[in-house]
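Number of protein chains: 2
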Amino acid sequence: MKDISGLFGLQYPIVQGGMIWCSGWELAAAVSNAGGLGTIGSGSMYPDVLRDQIRKCKAATDRPFAVNLPLIYPQVADHIQIILEEKVPVVITSAGNPKLYAETFKSAGCKLIHVVSSSKFAIKAQEAGCDAVVAEGFEAGGHNGREETTTLCLIPQVVDAVTIPVIAAGGIADGRSMLAAFALGAQGVQMGSRFVACIESSAHEAFKQAVIAAKEGDTHLTLKEITPVRLLNNPFADQVRLAYHNGATNDELKALLGRGRAKKGMFEGDMIDGELEIGQVSARLDNIYSAKQIIDQTMVEFKTAFQKMSL
Amino acid sequence: MKDISGLFGLQYPIVQGGMIWCSGWELAAAVSNAGGLGTIGSGSMYPDVLRDQIRKCKAATDRPFAVNLPLIYPQVADHIQIILEEKVPVVITSAGNPKLYAETFKSAGCKLIHVVSSSKFAIKAQEAGCDAVVAEGFEAGGHNGREETTTLCLIPQVVDAVTIPVIAAGGIADGRSMLAAFALGAQGVQMGSRFVACIESSAHEAFKQAVIAAKEGDTHLTLKEITPVRLLNNPFADQVRLAYHNGATNDELKALLGRGRAKKGMFEGDMIDGELEIGQVSARLDNIYSAKQIIDQTMVEFKTAFQKMSL
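Taken in sequence, the protein lines are chains A and E.
Residue numbers for the first sequence follow the numbering used here, beginning at 1 and rising by one.
Residue numbers for the second sequence follow the numbering used here, beginning at 1 and rising by one.
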C-alpha cells in the first residue's frame with residue numbers, strides 16, 4: 001500500500017486531527033502509541049502550556065507525533081520557537097501561508113504538513129516545500145474552506161494537482177471511508193470527529209456524549225462571513241441562525257460569538273451557550289472508544305472492505 | 001462485483017441521472033446502448049413530449065432505460081399513465097413520496113428507484129417497496145437535500161439503514177469516484193454533471209462549454225428556503241446572492257426565479273439570465289465526450305484504480 005507511513009515513520013497511515021480543546025498530549029500520545037500520528041492541537045494553548053504538553057507527550061510515547069499550528073494564532077512565533085526547541089517531529093500548519101515558516105522547520109529536521117481546502121492552496125503548499133498536505137472537505141468539523149468543496153470532489157483534484165502525498169480529511173471515521181479516500185488517490189487519512197469521541201480526548205464528557213448522539217443534519221456550516229466553521233446544532237447555534245435571520249452585521253456576529261465560546265462548549269461542557277465544533281460524520285459515531293480501539297477497528301474494517309470489494 | 005447490473009439488466013452499474021433540459025431520448029438511448037442505464041428526465045416535458053421521447057428511445061435501443069419522475073410535477077398522473085402504457089422498464093422517482101405510486105409501478109412490472117438525501121427517506125423508500133435507492137449528496141447539481149449531507153457521509157449511513165441496493169450520486173464523474181462509492185458500500189453510481197457535458201446531451205452547447213470550464217468553487221447551493229438547488233455561478237446566480245444580501249423574502253426570491261429560467265439557461269444557452277444546474281464535480285470535467293466514451297473510460301479507470309489500490 002502506497003501511503004504516508006514511511007514518510008512519517010508510522011505503523012498506519014492515520015493522522016489524528018489537531019483540534020482545539022480536544023487534543024492534548026494524552027490523545028496525541030495514545031494515537032501515536034497505537035501506530036497513527038497523534039497531534040497536539042496548539043490553537044487553544046498558551047506557549048507555556050504547549051511546552052508542557054509537548055514534554056508530557058514525549059514522555060508518554062517514543063513514536064512520532066505532531067503539533068497542529070494555526071498560523072493566524074497571535075503567539076505563533078513563540079509556538080514555533082517551542083516546537084523547534086522541543087524537536088517536535090512533525091508540524092501540521094493551517095489557516096495561513098506555510099511559505100513563511102517552511103525553511104525554518106525543514107532546516108531543523110521537522111517534517112511539515114499543511115492543511116488545505118483547494119488544489120490552488122495545495123500547489124502553494126507544495127511550492128513552499130511542505131512534505132504533504134491534508135486536503136479537508138466541506139463535511140469536516142471546525143474551521144473550513146470558503147468554496148465548500150466536499151472531500152469526494154476535493155481529493156482527486158488535489159491528488160492530480162500535486163506530487164507530494166495527500167492526506168484526506170472530512171467525513172472519514174472508519175475503514176470504509178478510509179478505503180474511499182484511498183480509492184480517490186489519498187495516501188493517508190486524517191480523522192478529527194472520531195477522535196473527539198475518544199477516551200483519551202480532552203473534550204468534556206458532555207460534548208463527547210453530544211457527538212455520539214448526533215444524527216444526520218445535526219451539524220451545519222455557519223459564520224461564513226467571519227471564518228466558516230461547522231458546528232453541532234445547539235442553543236448557541238440557534239442564536240447564530242436567528243442573528244442571520246435578523247440580518248446581523250459581521251460586527252454583530254463577532255460580538256455574538258464573543259471570546260471563549262469554544263472552550264466553554266467543548267472543554268467545559270456547556271451544551272447551551274458553548275460553541276461545539278464537529279464534523280458531519282458525527283452522525284455515524286455511536287460509541288466512545290480508546291485511540292487504540294479506533295485505529296485497530298479502522299484498519300480491520302479497511303482491509304475487510306477492500307476484500308469485499310473484489311471486482 | 002456485487003452491483004445493480006443484474007437487478008436492472010445492465011452491462012455496467014452506471015446510471016445516468018435524469019436531468020431537466022439535458023437528458024432526452026438521445027442521451028438515454030446512448031447511455032443504455034453503452035451498457036449503463038439511460039434516463040429520460042421528464043421534469044421538463046409535457047405529457048405528449050414525454051410519450052414521443054419514450055417512443056424514440058425505444059426505437060433507438062433494445063436495452064433497459066428509465067424515466068425520471070419528479071413527484072411534485074403537476075401532471076404526474078398523466079406521466080405515470082404514459083410510462084405504464086409505454087412499458088418503460090425502470091422509473092426513478094424523486095421529490096415526493098414513492099409509496100403513493102409504488103404498487104402501480106410494481107404490479108405493471110416496472111422497476112422502481114427513488115432518489116433520497118438521507119437514511120430516513122431511504123428507509124421509507126424501502127418500506128414503500130422500491131427496488132433500489134439513489135442516495136445523493138450535497139455536492140450534486142440541481143435540487144438537493146436540506147441536511148447538506150455529503151456523499152462520503154451519506155452513502156455508508158444509507159447502506160447501513162436499508163437492505164435494498166444503494167446507488168451513489170453526487171460528486172461522481174469517473175472511475176476513481178465510482179470506486180470510492182463502491183468502497184463505501186454502494187452497488188452502483190449515478191452520474192449527472194458528467195452526462196451534461198456529453199455529445200448526446202440536449203444541453204445547449206454554451207452550457208456544456210460553461211460546465212467544462214468550471215473550476216473549484218464555481219457552484220454553490222442556494223435558494224434553500226424555497227427548494228435547495230446547486231447552481232453554476234453566473235450573473236443570475238449573482239442576482240440571487242444580492243437578493244439574499246438585501247434580505248429578500250421568500251416571495252421575492254420566487255419572483256426573482258420566475259418561470260422558465262432553467263430552460264433559458266440550460267436548453268437555450270442564456271449564460272447571463274438562465275438558471276444553470278450543475279454539480280461541484282463540474283470542476284473536474286475538461287472535455288465533452290460521447291456517452292460510450294464516458295462509460296468505457298469510467299470502467300477502465302475504475303478497474304485500474306482498484307488494481308493500483310492493492311493493499
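Where hints are given, some of them may not hold.
The list treats identical chains as interchangeable, and a pair is accepted whether it falls inside one copy or across any two copies.
Claimed, not checked - Keeping only pairs whose Cα atoms sit at most 25 angstroms apart, straight-line, the calculated DSS-like set for lysine-lysine is:
(1) Lys-308 - Lys-2
(2) Lys-56 - Lys-106
(3) Lys-303 - Lys-2
(4) Lys-120 - Lys-215
(5) Lys-124 - Lys-215
(6) Lys-263 - Lys-215
If you are wondering where the hints come from, they were derived from the structure by calculation, not from laboratory data.
Evaluated hints:
| no. | hint | verdict |
| --- | --- | --- |
| 1 | Lys-308 - Lys-2 | both (20 angstroms within a copy, 9 angstroms between copies) |
| 2 | Lys-56 - Lys-106 | within (24 angstroms within a copy, 64 angstroms between copies) |
| 3 | Lys-303 - Lys-2 | both (14 angstroms within a copy, 17 angstroms between copies) |
| 4 | Lys-120 - Lys-215 | between (33 angstroms within a copy, 11 angstroms between copies) |
| 5 | Lys-124 - Lys-215 | between (36 angstroms within a copy, 17 angstroms between copies) |
| 6 | Lys-263 - Lys-215 | within (23 angstroms within a copy, 37 angstroms between copies) |
Every hint, counting from the list given before, is met by this structure.
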